[in-house]
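Here the structure of chain R is known, so what remains is to put chain A with the ligands in place on it, guided by the hints.
Single-letter residue listing:
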Amino acid sequence: MGEFSLAKGHIYIARDGSRAECELPAGTSVMLGALTNGVEGILAECGGAAMCATCHVYVQAPFDSRLPEMGEVENEMLDAVASERRTESRLGCQIVMTDSLDGLVVRLPDRQN
Amino acid sequence: MVEMPGRIVILGAGHAGVECATALRARKFGGTVDLVGDDPHLPYQRPPLSKDYIKRPGDPLPLKPKQFFADNRITLRPGQRAAGIDRKRRQVRLESGEALPYDHLVLATGARNRRLHIPGINDGTAFELRTLADADRILGSIRDWRQVAIVGGGFVGLEAAALLTTMGIAVHVIETAPRLMQRTASPTLSSWFAEWHRENGTAVHLDTQVAAVEQEAARVVARLTDGNRLVADAAIVAAGVLPNVELAAAAGLAVGNGIVVDANLLTSDPAISAIGDCANFPSSRLPGRARLESVQNAADQARTVAARLTGETKPYDALPWFWSIQGGVRLQIAGLSKPGLSEVVRGDPDSGRFSVFLFDGERLTAVESVNAAADHMIARRLIAERRKVEPAGVGDLSLDLKSLL
Ligand SMILES: Cc1cc2nc3c(=O)[nH]c(=O)nc-3n(C[C@H](O)[C@H](O)[C@H](O)COP(=O)(O)OP(=O)(O)OC[C@H]3O[C@@H](n4cnc5c(N)ncnc54)[C@H](O)[C@@H]3O)c2cc1C
Ligand code: FES
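Protein chains in written order, with the working numbering: chain R, 4 to 116; chain A, 314 to 718.
With the rest of the complex left out, here is chain R (with noise of 0.2 Å):
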């Protein structure tokens, strides 16, 4: 991930070999940065309650073990996405941003529904 400079409080969502940057601030979620920042390929549909699964998002090493564990109800959800589950996958509007997650990087799924 040497091509871009990781600046605080910047996520980086990539799809389809494009980027998207977004600036977080700190207690929001990825959901709501991509949202915002009218990133396609999260839908969001529920608005961020975990009830729709459209904001799947690929967490890239090494952000994915500095997240807290996933909750039950986010580990349900994520069983029944439209894109592959892998071990990294969570559900992007229960990411919610800190300092350690500096420069956070994300990669989006095919589809979402």
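Just so you know, these hints were derived from the structure itself, not from any lab. Treat the hints with care, since some could be wrong.
[Unchecked claim] Using C-beta positions, here's what the derived DEER-type ranges look like:
hint: 1; chain 1: A; residue 1: H430; chain 2: R; residue 2: D102; range: 52 to 60 Å
hint: 2; chain 1: A; residue 1: R676; chain 2: R; residue 2: E87; range: 29 to 37 Å
hint: 3; chain 1: R; residue 1: G74; chain 2: A; residue 2: A576; range: 34 to 42 Å
hint: 4; chain 1: A; residue 1: R427; chain 2: R; residue 2: R22; range: 14 to 22 Å
hint: 5; chain 1: A; residue 1: R602; chain 2: R; residue 2: N78; range: 32 to 40 Å
hint: 6; chain 1: R; residue 1: N116; chain 2: A; residue 2: L710; range: 27 to 35 Å
hint: 7; chain 1: A; residue 1: G569; chain 2: R; residue 2: N116; range: 48 to 56 Å
hint: 8; chain 1: A; residue 1: L710; chain 2: R; residue 2: T90; range: 22 to 30 Å
hint: 9; chain 1: A; residue 1: P378; chain 2: R; residue 2: R110; range: 19 to 27 Å
hint: 10; chain 1: A; residue 1: A483; chain 2: R; residue 2: R110; range: 43 to 51 Å
hint: 11; chain 1: R; residue 1: N116; chain 2: A; residue 2: Q380; range: 19 to 27 Å
hint: 12; chain 1: A; residue 1: G674; chain 2: R; residue 2: N78; range: 32 to 40 Å
hint: 13; chain 1: R; residue 1: R88; chain 2: A; residue 2: A705; range: 29 to 37 Å
hint: 14; chain 1: R; residue 1: D102; chain 2: A; residue 2: R427; range: 46 to 54 Å
[To be verified] Only part of the chain A face toward chain R is listed, based on derived beta-carbon distances under 10 Å:
hint: 15; residue: D372
hint: 16; residue: P378
hint: 17; residue: I691
hint: 18; residue: L717
Heads up, the beta-carbon is just placed ideally off N, CA and C, and yes, glycines get one too.
Just chain A with the ligands, lined up with the frame of chain R:
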């Protein structure tokens, strides 16, 4: 070859209208898109209004950021109301006097709150909860509230009840029907929620109506048909909605409970579609027609119409699903229910985690899941794929639902 429209006008900038515009551009529609909405705000998501927004006010959750509309050449016209449709000239007349020509018109006018014929209730004393302005009006007064009467025991009223209760406000819910959420929920689900709300401290009055409302000093006095007299700081009316069909009706389009469309979501005029809360469509999953009020329905119908307008015609057949959050309880519903279905309960309702499987004869038509996300997600597939499911089997927790897929 069907002629593709060059100018598309969408009326209503809610979940359905915004998704339709978005999907048109995602599908590389090259013509003009006008998105007209009478709400003055940047289009926002409604569900949080009765959930997080009142508890943690901040910016409303947008449907899309402002820049998105310009970047995608969507001409958003917030705060503008359409006054009429001239079908002969294919023009929408705005209240401002401006005329917008269209090759195809998409009606996404949604619904508005039902007003009640209760003496005294509509004279500005009652609160409602449909728009951001409604929610902000509640936020403006909520600090002075100790007691609130909520008229209507549907999803919005109950979500509000749970929310206000957690804020230390004493809540009464008054529901005309003999059970909560009668229109959409099974009897088992209704009674589980009635008990939950009562345990949570809410007074639930079923089979009861508000006979009259009076203003006494700064307080509201509601006289109930069961003889009770409630004194509250405010009344919130959450008694369901009426579809916004007036424009369509005045233009001579067929309307019933909603704007009547066919399986492709076309109205009786082939140059006009209708989607979302305002559309009455033939349901492939229930006998007869349906008009649904959900984000899923708005978004999926929007995408179906955008696909047709870009050359891919497919009848609307998406699986209905819905969610509600009442206090800490997460309710998810897959499919459509109707009165008289047989119920099989999976899990123990007393544990606070269970699902109600609803069968129409042999056919699984809906599953209501309380704090059981895994059940819900599997149920979506079982119903969408019209799988054969044995009623006797699903009540048995030793059966792995995934094995039915
Ligand atoms: C408080 C609340 C909570 C909800 N919670 C949930 C939930 O948890 N889950 C769920 O699935 N659904 C929920 N819903 C329902 C969901 O929000 C609706 O189904 C959805 O908003 C429908 O989208 P729509 O675009 O069809 O209509 P709307 O969102 O109503 O949008 C229609 C827009 O068109 C405008 N309009 C109407 N007439 C005109 C005109 N002549 N000119 C210009 N503009 C016009 C309206 O003012 C409105 O802004 C909730 C609704 C509310 C009110
Ligand atoms: S936004 Fe719906 S699950 Fe994340």
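Beta-carbon spacing of G569 of chain A to N116 of chain R - inside the hinted bounds 48 to 56 Å or not: Check failed, 30 Å falls outside 48 to 56 Å.
Beta-carbon spacing of R88 of chain R to A705 of chain A - inside the hinted bounds 29 to 37 Å or not: holds (31 Å)
Evaluation of the interface hint that places P378 of chain A against chain R, nearest CB under 10 Å: Given a least distance of 5 Å, the restraint on P378 of chain A holds.
Status of the hint placing L717 of chain A at chain R (closest C-beta pair under 10 Å): violated (14 Å)
Range hint 19 to 27 Å (beta carbons of P378 of chain A and R110 of chain R) holds or violated: holds (22 Å)
Pairwise beta carbon distance, L710 of chain A to T90 of chain R, judged against the given window 22 to 30 Å: holds (28 Å)
Outcome for the supplied range 43 to 51 Å, where the beta carbon pair is A483 of chain A and R110 of chain R: Given a distance of about 49 Å, which is inside 43 to 51 Å, the answer is holds.
Cβ distance range 29 to 37 Å for R676 of chain A and E87 of chain R, holds or violated: holds (31 Å)
Outcome of range test on Cβ distance (R602 of chain A, N78 of chain R; 32 to 40 Å): holds (38 Å)
N116 of chain R versus Q380 of chain A beta-carbon gap, inside 19 to 27 Å or not: holds (24 Å)
Range hint compliance [Cβ, R427 of chain A to R22 of chain R, 14 to 22 Å]: Between R427 of chain A and R22 of chain R, where Cβ atoms are some 47 Å apart, the hint is violated.
H430 of chain A versus D102 of chain R beta-carbon gap, inside 52 to 60 Å or not: holds (56 Å)
In this structure, the earlier hints numbered 4, 7 and 18 are contradicted, and the remaining ones agree with it.
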